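Number of protein chains: 2
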Amino acid sequence: MNDFFHSLFEPRRIALIGASADEKKTTARPQRFLRKHGFAGEILPVNPGRSEIMGEKAYKTLDAIPGEIDHAYILLNGKDAVAALAACGKRGVKVASILAGGFADAGAAGASLQDDLARIVRETGIRLVGPNSIGTVSSDPPMALTANAAFAVDKLRAGTWGLVSQSGSLIGALLSRADARGIGFSRLISVGNEVDLAVGEIADLLVDDPKTRAILLFMETLRDGERLAQAARRAHAAGKPVIAYKLGRSAIGQELAKSHTGAIAGSDATFDAFCRRHGISRVSMFESLVDVPALLVDRPPIHQSGVRGKRVAVATTTGGGAAMVVDNMAMAGLDIADPPQALVDWLRPLGIAAGEGKLVDLTLAGAKPEIVAGTIERLLADDGNDAAIFVVGSSAQFNPELAVEPLLKFAQSAKPFAVSLTPSAEKSLALLTAAGVPAFRHPESCAEAMALCLLRPSPQPVPALASPARAALDALAAGRVSGFDERRAADFFAALGVPVAKAMAIPDAKRIVAAVTEIGGPVALKILSADIAHKTEAGGVALGLPDGQTAAVAAREIEKRVKAHMPNARLEGFLVQKMERGGLAEVILGFRRDPLVGPTITVGLGGVLAEIYKDAATRLAPVDESEARQMIEEVKGLATIRGYRNLPRGDVDALARAIAAFSALAHEAFADIAEAEINPLLVKADGQGVVAVDGLVIVG
Amino acid sequence: MNDFFHSLFEPRRIALIGASADEKKTTARPQRFLRKHGFAGEILPVNPGRSEIMGEKAYKTLDAIPGEIDHAYILLNGKDAVAALAACGKRGVKVASILAGGFADAGAAGASLQDDLARIVRETGIRLVGPNSIGTVSSDPPMALTANAAFAVDKLRAGTWGLVSQSGSLIGALLSRADARGIGFSRLISVGNEVDLAVGEIADLLVDDPKTRAILLFMETLRDGERLAQAARRAHAAGKPVIAYKLGRSAIGQELAKSHTGAIAGSDATFDAFCRRHGISRVSMFESLVDVPALLVDRPPIHQSGVRGKRVAVATTTGGGAAMVVDNMAMAGLDIADPPQALVDWLRPLGIAAGEGKLVDLTLAGAKPEIVAGTIERLLADDGNDAAIFVVGSSAQFNPELAVEPLLKFAQSAKPFAVSLTPSAEKSLALLTAAGVPAFRHPESCAEAMALCLLRPSPQPVPALASPARAALDALAAGRVSGFDERRAADFFAALGVPVAKAMAIPDAKRIVAAVTEIGGPVALKILSADIAHKTEAGGVALGLPDGQTAAVAAREIEKRVKAHMPNARLEGFLVQKMERGGLAEVILGFRRDPLVGPTITVGLGGVLAEIYKDAATRLAPVDESEARQMIEEVKGLATIRGYRNLPRGDVDALARAIAAFSALAHEAFADIAEAEINPLLVKADGQGVVAVDGLVIVG
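These protein sequences, in sequence, are chains A and B.
Sequential numbering from 1 applies to the first sequence in the working numbering.
Sequential numbering from 1 applies to the second sequence in the working numbering.
There's no promise every hint is true.
Here are the computed lysine-lysine pairs in the DSSO-like style, where the Cα-Cα straight-line distance is at most 27 Å [unchecked claim]:
(1) B:K427 with A:K155
(2) A:K427 with B:K24
(3) A:K25 with B:K368
(4) B:K25 with A:K427
(5) B:K60 with B:K90
(6) B:K211 with A:K368
(7) B:K502 with A:K636
(8) A:K427 with B:K155
(9) B:K614 with A:K614
(10) B:K36 with A:K427
(11) B:K36 with A:K368
(12) A:K24 with B:K427
(13) B:K427 with A:K36
(14) A:K25 with B:K36
(15) B:K24 with B:K211
(16) A:K36 with B:K368
(17) B:K614 with B:K563
(18) A:K427 with B:K211
(19) A:K60 with A:K79
(20) B:K24 with A:K636
(21) B:K24 with A:K368
(22) A:K24 with B:K636
(23) B:K636 with B:K510
(24) A:K614 with B:K90
Interface residues of chain B toward chain A, partial, derived using beta-carbon atoms under 7 Å [as the list claims (entries may be wrong)]:
(25) S169
(26) G320
(27) M324
(28) P443
(29) I588
For the record, the hints were derived by calculation from the structure and aren't laboratory data.
Just so you know, these numbers come straight off a predicted model, no measurement behind them.
No residue lacks a Cβ here, since even glycine has one placed at the ideal position from N, Cα and C.
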């Protein structure tokens, strides 16, 4: 661990700038909590009006403190906080945290103050937590450098999970919820406005922290995506799960994030794509953030562990309680494993007919330790399942010795094993948690945890992008100069490697017969003019023209209509385009740069129904063909070309190639392309390829 | 309250048949729990080997007990239980409960024993709870007639919610979960296999129970739907919410219910339709069953209360915590109300800029009682919202006096008001609960409760059905005799009042020119033959025939093909059907009898995409035109005919009329129709009607 890590999480000398001697004040809390929870280092309060605070020697100024300072917590507001940070930077304090809000979270004046903070960081090299950080805490050795009222708890429980939160108050909520069920944290840090240190860099530090085995994130936005991506990949390699709860799943929630904290929420689908790409487990229930880690710690995702399936064996002393867990697991995409024959045979003499249903219901035999243990042993030894869950009924409340204590010895099972408690049974929960058996209070979070345990992907490789073809760069350059009309967009997509409908631009109607002869009818005809945005409305389009003659007539009519409609538009000729037929499906490909996660690609079914059903798959761009194929699988409506109900199969391979080629827009050579879309891309029968019919490119 | 109610929930003399003197045995529990929780009546243990059990005089036989017996709990198994029930029936015991399972829940042998129980009930008039009932409990006066280990609690908490459960063990789970947060029940009853008394009848009793203000149901199946429907409607009239959790939301869950308990799960959509029709609030989280009632009690659904909207005002001392509640509410379909100007003005001098976001975040002012109370007062007084939520942060954990105690006085607010606690804060939860303020531990269940509070419908009227038209009965009779081929199905649907494509049946190809002339081309031609199920495969169909001549040629070809394909099929002529054009959408109408809820109707979009997206609305049949219109609104893909994106509007009125007419299949005159389908029903442009093109009727 480096020096910076120690200054942040294990400092020996801490300055409290603006510490109050009034114990009731928020600014008195850091000193109180440091002492209360047994901080063994030096506390150095700075207060111009005091020579002593709560029994510690106080200093009038920061500079009056002799020696090195590892970490300074600045408890002043606004300009005073800025000045304090400058003083810290000047005298070489290694890490400073700022408690106050009122910076970028509070409009323009605050934003300018925040710029001052950023400048000081840049100029002095000091590392900054916040502003708007409610503090940084380590449990072992204890270091509760925080103003968070939640740390008024009697005892700071030690633990092995690190929590990084953009919301300060949620630190307290999670601390209390975890503490109530016997779980502690290794580190807790509120990163606030993230002027310098952001979620990603902190997560990256925790990957190397020997005291942290799981990294939990409470997020409102994402400010250092690349760093977080790197941290998640390193965490995966180190066997530490990264588990995130992120606000903004609803449109209102996204708007709220924006209006309330000034944070940009991004779209929910793109954050999901980010998590998927980099192997972050995203949870949907708040409680899951403290419930889920136990089942993921030391259990690598499916691809590495050799665990191949999603079949969960379930045994129980409460049929109804287990049915709830099963119902939720099935909705999350898990299967239920049949009980192994060895178990069926073993239970039969005990009067339990386990073979009939899918659950092993021990209710009839009563909750007996030897039966419970014997059942779990046989389930865990069976190749027919990939994980096991035991659902405990009422006995968990008053008689943990019956069906809970016999479970404790399975804490080190090679296979994922979890316990779901149907009643409120705090003692049993504590027993299981202390023994290291993942235990759940809610059927919903138990199911969510098991689904993440078995179904979460490992980080996916980021496909390497070759240098773009000369033709693509030329087409981009041409588009930059003259704008991307149909012709230039098509040229560009073709240069990227996406098959496009055969087309020719001709300067006037005279060349049209030759063009149709070359392309082959039927053709579509479109007026070319930078002045006409809506060509169909201006009468500038004709479709389905079978031959050159008809096309020539149509061209003259188009000219007439367009001149009548927009007499001043400069006409640049016509685009003659082959009318493509034989498409089994129309697909939309979209590329855009998300403000949080960067380049993304979306594949959806074309047409109004697909739009209504919002049926699309989104990934970080670029994607390779294998990931493109996963996207195709994910778009429900593309079942029509995947062999659904004897419908003819479409050319899925060609589609995957086109998606991968289109996703190369993520290359930095194309950095000024804000958005691009191909709509529709026709997918023909298997072996006959795909063809882009229309598209647009937005530079900006 | 009638005598039967008293015998069930407030008996004075209770016989325990098969009571054990061994305190460790399950069969000793009822006596222990009755005494432990202060039952004031007489306990009459029956045990042939004892004259005294746990201090009570014991009887060798039931008949040895003098005087009337209100309630007998039979603690024997199998045939002994049957014999005991017979003895109870014979001597006029008013209500008996049976603890043992092993009846219909345990295969054929058990089912036959269960038939014996049903017969005794029928013959003697005794009322039976179970078998497989873990007991019946009242809290005031206390009467814990149960073998459920969960009642080993020290104190049976009184309350005003009645719980009816098909799962015995879940009674204990809910008791402990409610107790942990300071909530008690008026009654708890495990109905087991429901040979006699089922969920519906018990719920109906609770409607008239002055000690019960909310009725909670834990359901695995539905055995007395009509009775439950009646109970739910009466409960609504009495101002008592009925709140149900039902297993079987996933396909695996449905299968499990079937294989495990022998219960039929039905489809989840039809149970939802049942709840909607009869005004039952269905919850999706288990914890919601104890969390949600507080917000619904004394708050009639939207239609009756005059509350018109779904705008929820949110104030908080934790921005992140409130954002979680908002995110979940938005996903549940609620809107967030802007803060009222009066509040914005009041908060400004306190340094809180409430107008900027949608939340009122008091964090900057700190959690102060007068600010919290003043905020809630102003929110509740505002016409711009329909309900309010306060989300409390860390202060709830250690300082309830700051932001929790000032909320207590809003318990009787005219407008729905709920509190969501972000940390684990048991003391605050207990305070709020005791004061009658609905309080929530999870943002998810808070959102679910508020959505039910504002969005749940009142019971919908069951449309009256006129006697079916003579023509419909004649068509049905004809179909019964000869089977429903295309022609007869079309005649039947037409007689119900659904417009069908013009068609004629002709005995042979000679009449075809005249038929086409009468109908008007283009036509479709189909061979008529009861022997040919798959007409297209047999070459028996020709489409798009423009005139009589072409049709005559096609008819001869059809005859040739069919004779070659199926030489022995008896041919009965042809159906000549008008080819309908101009459909803006193809709709499927389905009618079926659900094993649990009875006749249902489903409206979906036709075509393969709609099938893939499972885009359909289901209701109990019959529906009137207004409910049919709601169904049309609910089918997402029908947006295409509702004026989406300037697409031409379809004839939604005609579609609603057709749905309502089709749903008249629920009339008892059609009781032998198991299933019917119209596919497709073409919806034409507004004012141009709908027309059924094909359909089938299954009698059986």
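Here is how each hint holds up against the structure:
1. B:K427 with A:K155: Roughly 18 Å between the alpha carbons, so the hint for K427 of chain B and K155 of chain A holds.
2. A:K427 with B:K24: holds (22 Å)
3. A:K25 with B:K368: With a Cα-Cα distance of about 13 Å, the restraint between K25 of chain A and K368 of chain B holds, given a limit of 27 Å.
4. B:K25 with A:K427: Between K25 of chain B and K427 of chain A the Cα gap is close to 23 Å, so the pair holds against 27 Å.
5. B:K60 with B:K90: holds (17 Å)
6. B:K211 with A:K368: Cα-Cα ~38 Å, so violated.
7. B:K502 with A:K636: violated (37 Å)
8. A:K427 with B:K155: holds (18 Å)
9. B:K614 with A:K614: With Cα atoms ~14 Å apart, K614 of chain B and K614 of chain A stay inside 27 Å; holds.
10. B:K36 with A:K427: Holds, at roughly 23 Å.
11. B:K36 with A:K368: Holds, at roughly 25 Å.
12. A:K24 with B:K427: holds (22 Å)
13. B:K427 with A:K36: holds (23 Å)
14. A:K25 with B:K36: Not OK: K25 of chain A and K36 of chain B at ~50 Å, beyond 27 Å, violated.
15. B:K24 with B:K211: violated (33 Å)
16. A:K36 with B:K368: With a Cα-Cα distance of about 25 Å, the restraint between K36 of chain A and K368 of chain B holds, given a limit of 27 Å.
17. B:K614 with B:K563: Not satisfied, since the Cα-Cα distance of roughly 39 Å exceeds 27 Å.
18. A:K427 with B:K211: Violated. K427 of chain A to K211 of chain B sits at ~33 Å, over the 27 Å cutoff.
19. A:K60 with A:K79: OK: K60 of chain A and K79 of chain A at ~18 Å, within 27 Å.
20. B:K24 with A:K636: Not satisfied, since the Cα-Cα distance of roughly 56 Å exceeds 27 Å.
21. B:K24 with A:K368: holds (13 Å)
22. A:K24 with B:K636: violated (56 Å)
23. B:K636 with B:K510: violated (47 Å)
24. A:K614 with B:K90: violated (65 Å)
25. S169: Hint on S169 of chain B: holds, closest Cβ of chain A at ~4 Å, below 7 Å.
26. G320: With a closest approach of 3 Å, the G320 of chain B hint holds.
27. M324: holds (6 Å)
28. P443: With a minimum Cβ separation of about 6 Å from chain A (threshold 7 Å), the hint on P443 of chain B holds.
29. I588: For I588 of chain B, the interface hint is violated, since the closest Cβ of chain A sits about 15 Å away, which is over 7 Å.
Violated hints for the displayed structure, listed by number in ascending order: 6, 7, 14, 15, 17, 18, 20, 22, 23, 24 and 29.
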